[in-house]
Structure formats: C-alpha cells, structure tokens
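If you want the building blocks of each chain, they are given just below.
2 protein chains.
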Amino acid sequence: MVKVDLDQKNMVIEGLIKAREWEALVTILKKMPVVEVVEVLRELEDPELLEVLGFFSPEEQGYIVSDFDADMQVELFEALGPRGFAGIFIHMASDLRADFYQELDREDQLKLLPYLDKKTRENVIRLSSYDPETAGGIMSTDFATIMGDMTAAQAIEKVRSDAPSKKMIYYVYVVDNDMKLHGFTTLKDLIMAEPETSIWDIVYKDFAWAEVDEDRETVASKIEKYDLVAIPVINKYGQLAGIVRHDEALEVIQAEQTEDMEKFMGIVPDDESLDYPETSVLSHFRKRITWVASLAVIGVLSGMIIHRYEEAMSALIILALYMPMVADSGGNVGSQSATVVIRALALGQVSLKNWLMILLKEARISLMLSVVLGLIAFGKILFLSWETDIPEQYSLFYLAFGIALALSLQVISATLIGAGLPLLVKRLGGDPAVAASPAITTMVDITGLLIYFGIAVTLFF
Amino acid sequence: MVKVDLDQKNMVIEGLIKAREWEALVTILKKMPVVEVVEVLRELEDPELLEVLGFFSPEEQGYIVSDFDADMQVELFEALGPRGFAGIFIHMASDLRADFYQELDREDQLKLLPYLDKKTRENVIRLSSYDPETAGGIMSTDFATIMGDMTAAQAIEKVRSDAPSKKMIYYVYVVDNDMKLHGFTTLKDLIMAEPETSIWDIVYKDFAWAEVDEDRETVASKIEKYDLVAIPVINKYGQLAGIVRHDEALEVIQAEQTEDMEKFMGIVPDDESLDYPETSVLSHFRKRITWVASLAVIGVLSGMIIHRYEEAMSALIILALYMPMVADSGGNVGSQSATVVIRALALGQVSLKNWLMILLKEARISLMLSVVLGLIAFGKILFLSWETDIPEQYSLFYLAFGIALALSLQVISATLIGAGLPLLVKRLGGDPAVAASPAITTMVDITGLLIYFGIAVTLFF
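Chains as they are written, first to last, in my numbering: chain R, 1 to 461; chain B, 1 to 461.
Don't read these hints as lab results, they were simulated from the structure.
Here the structure is a predicted model, which means the values were calculated and not measured.
Worth double-checking, as some hints may not be accurate.
One copy or two, it doesn't matter: identical chains are merged, so the pair holds either way.
To be verified - In silico DMTMM-like cross-links for lysine to aspartate or glutamate, where the CA-CA straight-line distance does not exceed 25 angstroms:
| hint | residue 1 | residue 2 |
| --- | --- | --- |
| 1 | Lys353 | Asp215 |
| 2 | Lys9 | Glu224 |
| 3 | Lys353 | Glu39 |
| 4 | Lys353 | Glu45 |
| 5 | Lys205 | Glu43 |
| 6 | Lys205 | Glu194 |
| 7 | Lys18 | Glu39 |
| 8 | Lys31 | Glu224 |
Excised from the complex, chain R in its bound form:
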C-alpha cells in the first residue's frame, strides 16, 4: 500500500490551487474519496469552484455535489442558475437531491423544475412529499430491481445494464410488473449461484422491510438488528418505493441520541438544526428556557414547603444549613438511576415488562448508596457544625444522626423516583428521555424536603 503522507498530499493540493493548475488538481482529486474531494472544494471561491467542477463529468459532478453541505449547494445553485444547475441535479443521489430541493424556497423550486426531465421531476416531487422523520423522508430511489423468473446470469446482466454509479446494487430487489416487492437477493448470491439458477431459488422472501410512513428511528433499528446494507421501503400497495441505506441509519441513530441527551437535560429538540455553531443564540435560548422556566415555576411548591418549616429553621438554624445537602444528594442519585434506565430502555436491554425487576434492583442499589452517603453526611455534620449554635436541649450527635437518616431515606426515594419516572412516561406512551434530569431534580427536591422536615419534626420537636 502506498501510505501517502497526509501532510505532503495536502501540500501538493494547496500548491496546485495556488498555481491555479485546475486540470492537474482534478487528476489528483479524481483518485480521492468523495468526502475528501468536497473538503478540498469547500476551500475554493465560487469562480474557481465552477472551473474545477467543469473538469469532472456530469455524473461525477452529481456525485460530488450530493456530498456538499446545504449552504454550498445553494451557493452553487445561485452561481450556476437553475438551467446550469439542473445538469448536475439530475445526476445527484435521489435522497440527497430531494433534501436539497426542500432547502430551496418555493420560487427557486419552480425555477428549477422546468429544466428537469419528467422522470427526475416526478421523483423529486414524490420524495420531497414525505415527512423527514419517516422512512419515506430518508429513503433513496437508487436501487436495482430484477424479475423473479430471470436466471442468475440474466439478473446480473440486468443489474449491469441499468446501474449507474450512484445505485446500491449489493442487494437486488425482486419485483413484478406492478413493482410489487416479492423479496430480495444479494449481489453475492447472484455471483455465487450457477448462471442457470432461477432467481426464485435464491430469493429471500422472509425479510425485514419498512413502510413509507414508518418512524425513521424504527427503520434504523431494523437495519441495525438485521445487520443490513439497506432496507426496502414499501408503500401501502406493497410496491417498492425506495431503500434506506446503512449510512443513513447511522446518521439517524446519531441524531436520535443527541435528541435523547438533550431531552434528558430538558432541552427541547429542534428539527431545524442540531448543529451547535449554526443554531442561533435565540433558538438555543428557546430550546433551553422552556424547561428551566417551568421548573422555576413548579419550584413554588418546594418554596411553600420550605416556608411551612420557617419557624423550625429559625429555632434550629442547623436545619437550614443542611437543607441543600440533602436536596443535592437526591438530585445526583436520581439522575444517575434515570440515565441508566433510559439508556437500557433505548437499547432494548429492558422493556416495560421488566419494571418490577428494575425497581427491585434499584431498591437494592439505593440501599447500598444510602448507607455510604448517610455515613459521609454524619461525619460531615460532626466536622462542620461543632461550632454551630445549638439549643441546649439537643446534642450535635443526635441532630447529625437525624439529618443523616433523612439523607439516607432521600437517597433511596430519589433513586426509585429516578428509575420509576422514565418507566411511567413510557407507560403513558411518551419518550422516556423526557423524564428529564431537571424534572427529576425538581421532583426529588420536593420529596426530599418532605422527608427532611418530616424526620426533623418527628425527632427534634
């Protein structure tokens, strides 16, 4: 293998760009993976970009522009005009082409359409009509089909003759004259089979598929479960409408994970853009304020509880001092158990049926946590409060014991709430991740205050 020194390659490319040696540059670019070509082109100004693109064939142009960011695509569209861009557009990957089309405003869409051939035009309009959160919204129509009554040799010939470079042909779909999907076979099976083998003998009729309006997350997990290179998408008539490729599934899984993490932190997910630098300050603000403001309002509840015990705190100031400690421990362990349960649910390691097992397990874990954290709290109070003003009738030892006991009970209750809340949300048909960490902290604050002052009043007054 030629282990090309990356820095050296980059230097050569930079040199060619500076020298404006576009043809030599393209000779090098043509040997590079498309992603890297795009990285190089991203650095060019518009006029240079157009010049360089001109050295590629229309098909290669379509392939490269498919990989552009939305911004770069729109810029190119403006530089070339609808007529010029149409030549590239018809060669783009069908799913990415539809994504770009949706980025254009209505006016530009109407300018572009007349320059497209009928097939492309219909394809783009159809693909753009699906909800982006569904299988239809992420599928591509660049798939290969054969008929069941062909032989393996005929099938290979068919695939060969109508597979331009962008098509995924590792899976070949078996359809009838009405495009109804009857199964699929793999290019590998076609190659390995004797040329005279009938397709019906090597077709997989029992296979995973998705429906056009199926949630994209479900589609991605099917691809994951069955280790597929692509999954076929069918419409309500059982016709093959498109395929979703494995790399699309990976992107969906990444996006859903970001959403889960954000939801869990009480950030309202945003369809427009999940990209940090490109999201405006205002929409960052909007994504975050909803939860924290709601929680601040709900905080009135804990405020009312605290006020009920105002006199107790005046009489025994040490109670005020350790109120935050008890609340914090609850928030920490509650968020931990919620994280663990939400993740186990998301990965399918546990389901709602296991709720009792989960709560029992968390109960046992919380017992251990409560002993350790209770002991630490006890030691901490003795260490910190030996100078604190305590009314004569109390011993510090007794007060420390009571506060540590409250903290231990709070740890147990918070762990169970943290584990139980996501289960409850899921049971009610919601996404467990919305059992957000701030929500758990707030809820656990309230129970914590009740436990804390409940114990204090019982033991000390």
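On the provided structure of chain R, position chain B as indicated by the hints.
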C-alpha cells in the same frame, strides 16, 4: 410481496415446537433471517436445541451460533463438549468466534484448541490477542482478496471460488504476495467493468484504512465519514490484517454513546458489561458510588461557606429559604450548557479551537436565561414570602430584588462553567464527558453560594 402475518407465523412455529416436529420447524427456520432464527432457538431447552441444530449444515450452524448471546454459546459449548463444539466453531464468523473464545476460561480454551485445524487455531489466537477497544479487537478476517494483475473476470472467478457464505465480498481487497494492501475495488465495479479490464485500472489506491491498534471509536467514525460497508485494517508492515464492518461500527457508536451518557451522569463506565439486567447490583453500586461519594466529600466546601454565613441567615431567615432555589437554577442551566457542548464536541461540530466562539455564544444565551429566570424568582419571592418574618429595616421588595439579582448572576456564571468545564477537560487531554453533570452541579453550588451571600452581605448588611 407476501406480507406474512407475524402473529400467525409465530403461532405456526410455536405449534411445531410443541408437536416436536423439528424437521418441519427447520424448513421454516431456514427461510428466516438469522436473528429471528436465534430468537426462536433461545426459547428451546438444551436437548431440543441440539436436535434442531442437527438439521442445519455445519456452515449454517456456525452462522447461527455466531449470533447467539455469550451465555447461549457457553451453554452449547458445555452441552456439546469441546470436540462436538469445534465442528461449529470453525464455521463461525471470525470476529465473533474470537469474542466467544475470550469468554471461555483458560482451561476450556485449552480443551477446545486441539480439535481445531491449524488455520482456525492460529486465527483465533491472533484475533484474541488484540485489545477489544482497538480495531484489531473488533475486526474480522472474513474478507476477499485479489491480485492487481488479474482481469475483472479473473477477479470475479477468484472471489467466487473462495468466498464461503460468511465472507464480506462487496469490497474486494487488492494485495500482493506478501499480503501487503495496495487498494480495494468493489464487487459493483468488478461487475460493471468489461471482463478484460485490468484490476489496476479500477482499484482505489487512495482510501481510508485503520491500523490494528487504532482506537475503535476512530475506526467507527472513519466508516461513518466515508460511508463504507467495511474498512480494511492493516498491521505495522502494511499487510491486510482484517476488516471492520459497518454493523460493527454502529455497535461501537452505540456503546460509546452509552459510555458518554453514563460518564456525564457520574457513572463510571464498566468494560465488562453495559447490559442493565446482566450487571450485578454490586457493580451497579460501584459504578455509581465513586462520583456521588466524592461529591459528598467535596460538599464539605459548600458546607463551610454556608457555615460562614450562619449568622446572616439567623438574622435574616429569608436568606436560608431561598438558598436551595439559587443552587438548583444554577445546576439546571449548567448541566444544559454542558450537554450541548459535550455533544457538539462528540459529533465534531465544534473543536477546541472554537472555545471563544462557544463561550461568547453561551454568554449571550445565559443573559437571556438570566433575565427570564430572575423575573420568575422575583415574582416567586413576592408571592411566597409576604408572610415571612422580616426585620423592620428591610422591605420585602428590596430583599426580593437582591435575591433575584443573585440568581441571575448565578445563571450566567453556571452556564459559562457548564460550557467551559468540558472544554477545559478536553484541553487537558481528558474525555469532555467526564465533566459530569453532578460535578457541574457541585461546582456551581459553590460559586452560587459565594455569589448569593456576597450579594446579600453587600446589599442587606
């Protein structure tokens, strides 16, 4: 397409199992995807399982057992004994076979080895020797190779003749006599090319590869970046040592995401098992206690600050009442900004170079948050505390203003700490996700108390 009713299919399968009609059952199973076959077999007892497996060919057995859970594999190993199991073992997928081998204890490994042919034995020992966190640890050796001086037709013939069912042949690797990797071509290119085309004319020489000791996360992101079906793994001599498939990349990304989320919640990740039900209560406890106990100890610091202001609180009990509110708001917004920054770093949307942009953006977001949350706090205090015991020289209005001001400043400082801490950890070479939410909460508690009492002492005393 035959849209098989799933319930009906399951009923048929259940019926056949009850009737012990193993041969008929296997006829149906042979048409099903392997994952689903394993789901059916999982329900069987050992003697039945052995009987059913017997109806599959050794190669099919290897394929099915590759997909078993570790527990099921070990059970089967014990039921069949080393000699019987070896017949299945040699037909398993090389990467999953090595994983299973590592599950066995030393004694069982030594029992199994003598029954393996030399090639399998060497392969297993070699693959098991790599760190599971590296490319070597997740790679498979089931790849297809050709020589550069072949023609397309010869290459297809070579792939056809030495590709058993488990091999990935969509990418075909071009090597020399020393197994040095010179590039790859795709099965699609081979099919599309004229039979007489020389491989050198269609080989990709500039391509993404991984090294055996490369971190598996980097390997997964290369597969993602280049949209690959598989990535070749080379050893230090430039020889092709294995491939990592796209489905493996997906698993790695899922596992790393769980790790990130757990780290962020102060849960110490655990190599042994990330599966919730299979992890013991004790190791769940161990994974969680480290952080919360450390934070409880660090909490001594905030305890000391609170004690310093004990007298202020005795004099003005309203200060004690709103101390938790200020701390909580800080924890919430701090965790939010940390989540956003950690995720943007993990997805490569931002890098350390952007630290100033990030902090400036967060500063602007925090200003907006502080205004809204400050106003809510002001209203809340007026609403809750109109009955609170306030010394004559103060007006509730003035106190509410001071406390709300402290909360606003706390929101700004906490947002910046939440965004800055992950950046700092990354700068120091650590994983930003360890800037855990509990750590941020604790840190923000301390700064919050300083801000709170600092403002209170300045304005009220």
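To see whether the hints hold, each was checked on the structure:
1. Lys353 - Asp215: Result: close within a single copy only, 23 angstroms intra versus 37 angstroms inter.
2. Lys9 - Glu224: So Lys9 and Glu224 pass the 25 angstroms test across copies only (22 angstroms; inside, 36 angstroms).
3. Lys353 - Glu39: between (48 angstroms within a copy, 18 angstroms between copies)
4. Lys353 - Glu45: Answer is between: at 23 angstroms across copies they meet the 25 angstroms cutoff, but 58 angstroms inside does not.
5. Lys205 - Glu43: This pair counts as between: shortest inter-copy Cα distance 24 angstroms, intra-copy 48 angstroms.
6. Lys205 - Glu194: Classified as within; 20 angstroms inside a copy, 32 angstroms across copies.
7. Lys18 - Glu39: The answer is within: 16 angstroms in one copy meets 25 angstroms, while 60 angstroms across copies does not.
8. Lys31 - Glu224: between (31 angstroms within a copy, 20 angstroms between copies)
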